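The task is simple: from the sequences and hints, build the whole structure.
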Amino acid sequence: YGMEWAQRLPDWFPPYPGGRVTEAAGQESGACRVRVVTFRTADPSQRVIDWYHHRAVAAGFSAEQQARGADQVLGGVHRASGGAYYLIVTPKEHGSEVALIVNNGR
Numbered sequence: 878y879g880m881e882w883a884q885r886l887p888d889w890f891p892p893y894p895g896g897r898v899t900e901a902a903g904q905e906s907g908a909c910r911v912r913v914v915t916f917r918t919a920d921p922s923q924r925v926i927d928w929y930h931h932r933a934v935a936a937g938f939s940a941e942q943q944a945r946g947a948d949q950v951l952g953g954v955h956r957a958s959g960g961a962y963y964l965i966v967t968p969k970e971h972g973s974e975v976a977l978i979v980n981n982g983r
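Following our numbering, the numbering of the sequence shown begins with 878 at its first residue and continues without gaps.
Hints are computed from structural coordinates only; laboratory data are not their basis. Be careful, since some hints might not be right.
As the list claims (entries may be wrong) - Here are the simulated SDA-like cross-link-like pairs (lysine to any residue), alpha carbons at most 25 Å apart as the crow flies:
1) Lys969 <-> Ala944
2) Lys969 <-> Gln923
3) Lys969 <-> Gly952
4) Lys969 <-> His931
Stated by the list, open to error - Pair by pair, the computed Cβ-Cβ distance ranges are:
5) Gly907 <-> Lys969: 13 to 23 Å
6) Pro891 <-> Gln943: 33 to 43 Å
7) Ala961 <-> Trp928: 30 to 40 Å
8) Gln923 <-> Gly959: 23 to 33 Å
9) Gly907 <-> His971: 40 to 50 Å
10) Ala919 <-> Met880: 13 to 23 Å
11) Glu900 <-> Ala961: 19 to 29 Å
12) Ser939 <-> Ser906: 24 to 34 Å
13) Thr967 <-> Pro891: 15 to 25 Å
14) Ser906 <-> His971: 20 to 30 Å
All values derive from a computational prediction rather than experimental measurement. Glycine residues also receive a C-beta, built at the ideal position from the N, C-alpha and C atoms.
Set out below in C-alpha cells:
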C-alpha cells in the first residue's frame with residue numbers, strides 16, 4: 878500500500894483528471910505488475926466511464942460496460958500485450974467513487 882502506486886499506473890490508464898486518490902496499492906512479482914487505485918471525483922459516473930472507455934479503445938483494449946446494481950463496470954483486455962483493466966464506478970450524491978484495477982503497470 879502507498880500513494881506512489883497511483884503514479885505507477887500504465888500511461889493509458891492514469892488517475893482520472895481532478896480525481897482525489899484515496900488509496901493505492903500494487904504488486905511487483907515477476908510478470909505480475911498489478912495496480913489498484915481508488916479515488917473520488919466530483920464528476921458523474923457516466924463521464925468517468927466515457928473517459929476511460931475512450932482511453933481504453935484508443936490504446937487497443939476491448940471495452941465492455943455493465944451495470945451491477947448502482948455501479949457501472951467497465952473492463953477489457955489487450956490481446957497483443959496481455960494487459961487487462963477493470964473499473965468500478967459508484968455514483969455518489971456529489972460525484973463518483975472509483976476503483977481502477979490494471980495489470981502491466983510501470
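Against the structure, the hints:
no.	hint	in the structure
1	Lys969 <-> Ala944	holds, 15 Å
2	Lys969 <-> Gln923	holds, 12 Å
3	Lys969 <-> Gly952	holds, 21 Å
4	Lys969 <-> His931	holds, 22 Å
5	Gly907 <-> Lys969: 13 to 23 Å	violated, 37 Å
6	Pro891 <-> Gln943: 33 to 43 Å	violated, 23 Å
7	Ala961 <-> Trp928: 30 to 40 Å	violated, 18 Å
8	Gln923 <-> Gly959: 23 to 33 Å	holds, 29 Å
9	Gly907 <-> His971: 40 to 50 Å	holds, 41 Å
10	Ala919 <-> Met880: 13 to 23 Å	holds, 20 Å
11	Glu900 <-> Ala961: 19 to 29 Å	holds, 20 Å
12	Ser939 <-> Ser906: 24 to 34 Å	holds, 26 Å
13	Thr967 <-> Pro891: 15 to 25 Å	holds, 20 Å
14	Ser906 <-> His971: 20 to 30 Å	violated, 38 Å
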